[in-house]
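Chains as they are written, first to last, in the working numbering: chain A, 957 to 1266; chain B, 409 to 918.
Simulated from the structure, these hints should not be mistaken for lab results. Glycine included, C-beta positions come from ideal geometry on N, C-alpha and C. One or more of the hints may lead you astray.
Claimed, not checked - Here are some of the chain B residues that sit facing chain A, going by a computed Cβ distance under 8 Å:
id	residue
1	499
2	502
3	720
Said to hold, decoys possible - Just a few of them, taken from the derived set where beta-carbon distance is under 8 Å, the chain A residues facing chain B:
id	residue
4	1124
5	1129
6	1132
7	1140
8	1144
The chain contents come next:
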Amino acid sequence: MDDMMFLTFLATLVGAAWRLATPLIFASIGEVFSERAGVLNIGLEGTMLVGAFCGFATAFATDSVLLGLLTGVLGGMLFGLVFAFFTITIKADQIVVGAALNLLGMGLTAFLFRTYYVSTGKGIEIAQPVHIPWLSDLPFLGEAFFQQNLIVYSTILVAILATLVLYRTSFGLTLRAVGEHPKAVDVAGRNVAAYRYGAVLVGTGLAGLGGAFLTLGHSNQFVEGITSGRGFIVLAVVVFARWSPIGAFFVSLLFGLFYALQLMLQAQASIVVPYQVLQALPYIMTIITLVVVRGKGAAPGKLGQPYEMR
Amino acid sequence: MSQKPFLRIDNIRKRFGPIVASDGVSLEIQEGEIHSLLGENGAGKSVLMSMICGMVRPDEGEIIYKGQSVRFNSPREAIRQHIGMVHQHFMLVPNLTVAENYILGQGSALRVINDMDEVHAKIRELSDRYALDVRPDALIEDLSVGEQQRVEILKTLFHGIDLLILDEPTAVLTPQETDRLLALMRDLVKDGKTVVFISHKLDEVMRVSDRISVMRDGRVVNTVNVADTDARGLARMMVGRDVGMELARNPANPGPLVLSVENLTCRSETGLPAVRGVSLHVRAGEIVGIAGVSGNGQTELSLALSGLLPVDGGRVVLNGKDITGLDPVRINASGFSHIPEDRHKHGIVMSMSLSENTVLQRYDQPPFAARGMLNRRMISEHTRDLIKRFRIKSRDEDQRIGDLSGGNQQKLVVARELARNPDFILVNQLARGIDIGAMEFVMEEMLKQRDSGRAILLISTELEELFAICDRILVMFHGEILGELPPDRTRLDELGLLMAGKTEQPALAG
Ligand SMILES: Nc1ncnc2c1ncn2[C@@H]1O[C@H](COP(=O)(O)OP(=O)(O)OP(=O)(O)O)[C@@H](O)[C@H]1O
Ligand SMILES: [Mg+2]
Chain A
957 MDDMMFLTFL ATLVGAAWRL ATPLIFASIG EVFSERAGVL NIGLEGTMLV
1007 GAFCGFATAF ATDSVLLGLL TGVLGGMLFG LVFAFFTITI KADQIVVGAA
1057 LNLLGMGLTA FLFRTYYVST GKGIEIAQPV HIPWLSDLPF LGEAFFQQNL
1107 IVYSTILVAI LATLVLYRTS FGLTLRAVGE HPKAVDVAGR NVAAYRYGAV
1157 LVGTGLAGLG GAFLTLGHSN QFVEGITSGR GFIVLAVVVF ARWSPIGAFF
1207 VSLLFGLFYA LQLMLQAQAS IVVPYQVLQA LPYIMTIITL VVVRGKGAAP
1257 GKLGQPYEMR
Chain B
409 MSQKPFLRID NIRKRFGPIV ASDGVSLEIQ EGEIHSLLGE NGAGKSVLMS
459 MICGMVRPDE GEIIYKGQSV RFNSPREAIR QHIGMVHQHF MLVPNLTVAE
509 NYILGQGSAL RVINDMDEVH AKIRELSDRY ALDVRPDALI EDLSVGEQQR
559 VEILKTLFHG IDLLILDEPT AVLTPQETDR LLALMRDLVK DGKTVVFISH
609 KLDEVMRVSD RISVMRDGRV VNTVNVADTD ARGLARMMVG RDVGMELARN
659 PANPGPLVLS VENLTCRSET GLPAVRGVSL HVRAGEIVGI AGVSGNGQTE
709 LSLALSGLLP VDGGRVVLNG KDITGLDPVR INASGFSHIP EDRHKHGIVM
759 SMSLSENTVL QRYDQPPFAA RGMLNRRMIS EHTRDLIKRF RIKSRDEDQR
809 IGDLSGGNQQ KLVVARELAR NPDFILVNQL ARGIDIGAME FVMEEMLKQR
859 DSGRAILLIS TELEELFAIC DRILVMFHGE ILGELPPDRT RLDELGLLMA
909 GKTEQPALAG
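For reference, chain B alone in the conformation it holds in the complex:
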């Protein structure tokens, strides 16, 4: 391209102690394009973008923005230059309204807030223009993840942007919400804005991008036009080998019943009925999937099964033992593993080390403890083993888990839960933020677990994930199981109809 680049990153380096996050990375972004950034977990995508938006300061190198060399000391300075970023972890204050979040830090500190009406009007206008459906007076804590994300995007528009950076925005979205987001990105570009998009989902990247850059080990290894590549080629550039899109798997060989759920009902945290009489059975050696548009009770179902939400009615039996309404500690001890939907809330403690997180449920049991004392050596050894097996990119087992990249945090949760030798594994969104190489590995691990006789329940909004490893798929709608289908891609239409709540026959139970 002959055009002068809108944003040029020149040979930037950034280290965190011994970890090199950016190793002389260079990248050019053109005005008005959608530029996607791909790379394995820990490749340095988030860190690079954080440097562009003033969150992190580079050690070396130069950022040239609109023809001028810039050096932002804070995100505020970047915002003033019309650079906005939506982070992997949202920056919204839960006890404030949308509008209050937007004016946070604006104007003099001693200012009396008397322009709320205008702020609300401006938010409504932007929300209408881009069909974002954001209410200015809604409290953040009452909003779903998808809604919060639109609030974050609107926040950047509110402050004014020329460049929008989206860090894995679709990881937490339903397919419908994703479609909407991709359309929004197109609209923004039409209005003359430039978008940088980070994602692990190659189909989205192929659909929306103009150009794509691939990062590996803190460097950009390649930049291509979308027309000159395909998903397979991208995967190869990322991981350095061919990634099989189809997993080899043996037919399932279901054994005795492991988990049976009869007529389970429970309410959501806000007190509304969320699970309305769900019955299902999972046998040893099979993977049962639950498909559905998110918000149809899957979250509550998984929380209720794992003891994190009170059960109103029905029974949950694991290996012949009634575990209904037990506390999570007892449920965990009954051979129950849980890979939660929200790893920060239910999976890990951000401020603790990898080792400590690895033994969260088992620190008081042998071999990790003896006579009431922790066996640090055992804990470290075990953690090191998991780090190696799951290729978790980290300094060592004593690193704070909050400093890992998002995908590597998820890998530790998966590794920990599988290592506990459970009889039953409940998974809600297996691949949240995991790169395609790791994804393949994790799925193979799940299949191995199945073949060694474990029972697995996989809740997912990603149909591909379900088709790839499930033996049968239940569809959840409005708190109920509407039907069951084999993992057969040719019956996608039927699945879609069920997910939308349309049944011809009377409802079946799994």
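Just chain A, with the same shape it has in the complex:
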């Protein structure tokens, strides 16, 4: 392969990686909030599907990407409210409720999609790349970094904002304490349950946004099971990222890279590996990650445990 071709390949790869990482970035930063508060939400797959579907349905009706994103977030939060009610108020097991919500999310979106949309076969208008003068036209760098749509760019903003909220506000400070020593928070006069609700809502709202990106910023269609396991990969991302938002951003990019590599290698005629193997790449990497980055040194001490008030 000559150098020019390789550089082009690389530029396309990086550009695609960021795009493919975007839903992971939103959802994993959200899950960082949730887990920092001690709530392990494995129902993200279902939540992201709901976000994807709500986003699609809204854009279908209104032709507005922005409204679609907004309902995606709200749909995710609605799901989050159900999760929070059962795990925080009723104190049901987080894993069981999460698994139930995954099934509900898959079934519900598939049902609604088949009932109302599948026969129309019509796509929606999706967010277009913005052209940044000069930067977008740079050779290689332009394609790698400056030909994305606004939603993709906003991931940087979300990562920075999340970091500021978590480490520079009273809310973030309390949140970090809630997952580690809820009783100390209780004694300090803050309502542990309220903070956990808040963390779950932030988490599921962002997961909904990540899901909505799939239909509004990436493909122009809703497909049953469009998230294809991303909600589970997010859980691995959070562990690998050691529960930090900036970490979640970069680890998501890494996983985005696996997705992009898989797609682009499939397109290379010269590669003889069966495409199923390539498709499995992100999932294999997830398992490897979880094995290599074990040891829960940084995990919130009370992750997954309900808190009994006095």
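Given the coordinates of chain A, work out where chain B with the ligands should sit on it, guided by the hints.
Chain B with the ligands alone, transformed into the frame defined by chain A:
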């Protein structure tokens, strides 16, 4: 006293289900005094103080503070009235810094934290004023227990206090740290604050208090001026009988070698060398003590012996079997009992019942299990037996162990470990939080174990504990055994020098 009391507790009652924790307790605290609270394990000291600081709500009765009847619904309301409490179990968030812990819950929830510099400055100023040595940017999880305690005390000062309640603060401190704490209490009183002090150590209580109240079965049975009493009198008031300060004991009759440790080295959890080539031998029928200022590798030594910390070098042989680096399950199964330093981390599961905690290491073995099923009846019976023998104050064997008083939790750990019929018993801080009556009982039990041929290694920072039951005392300093002495109080100076790392002769091994 004619003076109007600063704090008056009037006929307070508090029950937890069938358990009466406070049974019409009344108490008066004067402004500017150090008032000590004594009582057996489960007498209701912690519960009473928790009610004063808003953690627990009384069922009946009245609290009159600065001349006004108060009713706190949360600790926050008590803090606002300048009442601060340092609990038996610390309330610090381990993954936050000192300063972050202090501002937790302060101000509006949506506030941007932009005053960290001022917070740090205020902490430094208070720390300097009372010589507390607290760094505002230190992470709690990196601090030792003694340091965490100073952080807790400074936290109350940070929020402002007129009344400070200290619940068994010295149980986890070294003698040096204790001296420092007692001096601090005096300084606080000089600054016009009032201190309530709970402790099981009568000498400390005698040294620092102005007045002393004794609790029994949820009531205050007596309040005395410190000048009008002595340690013996206090002990009698507490337990209702004379407590022998000297235990009767037979001379040791050491048998065959049970535990031998050769040249053991290991690192602490933070990766620093902690045990540097320790060799020691314990024979059947003797109690070997390890004295030393805490932080000289005792914690790591006991964790490494019991399989909770990786061993870097050396050998541990128990009854002729090499147990170096085995996992705790196998070590436990080789006749090894361990009464750990930190019962919450290594001794018990707080959310499980007494029964479940009793069989933690043996739930899968007969008689507690048969054909893969638990024998609940056997487990309950065995637990009930231990509760009775060790006088563990509890509702029944199905009670959550986390709801027991601190000393009663410790008693269960001791009872369980002795009941396992071990060949060797490793003890790190035997009496953590145990009252003097129970202490006497537990020490007698240890001597009985010795006389029936068990080998015992007792690590302690309490010299009294070591003198009372050990047959020989090793001194640990900086990860090494510096020397050996007989348990002879007349050689206290020599012991002190060794503990400070000063040797005349070349280092001896036990
Ligand atoms: N949350 C709770 N639920 C049930 N019982 C409790 C609870 N808290 C305390 N108790 C019971 O109340 C009694 C008094 O306990 P408290 O902790 O005040 O004893 P204490 O005097 O502090 O003893 P120690 O010296 O061992 O710390 C004990 O019998 C204890 O088991
Ligand atoms: Mg207590």
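Hints, verified against the model:
Nearest Cβ of chain A to the Cβ of residue 499 of chain B: about 5 Å, under the 8 Å cut. The hint holds. At its closest, the beta carbon of residue 502 of chain B sits 6 Å from a beta carbon of chain A; the interface hint therefore holds under the 8 Å criterion. Interface restraint check: residue 720 of chain B against chain A, minimum CB-CB distance 19 Å, threshold 8 Å, status violated. For residue 1124 of chain A, the interface hint holds, since its Cβ comes within 8 Å of a Cβ in chain B; the closest pair sits about 6 Å apart.
Interface hint at residue 1129 of chain A: satisfied, since its Cβ lies 6 Å from the closest Cβ of chain B, which is below the 8 Å cut-off. With its C-beta approaching chain B no nearer than about 6 Å, residue 1132 of chain A sits inside the 8 Å limit, and its interface hint holds. A least Cβ separation of about 5 Å between residue 1140 of chain A and chain B falls short of the 8 Å threshold, and the interface hint therefore holds. Below 8 Å, beta-carbon pairs count as interface contacts, and residue 1144 of chain A has one with chain B at about 3 Å; its hint therefore holds.
Of the numbered hints listed earlier, the single one contradicted by the structure is hint 3.
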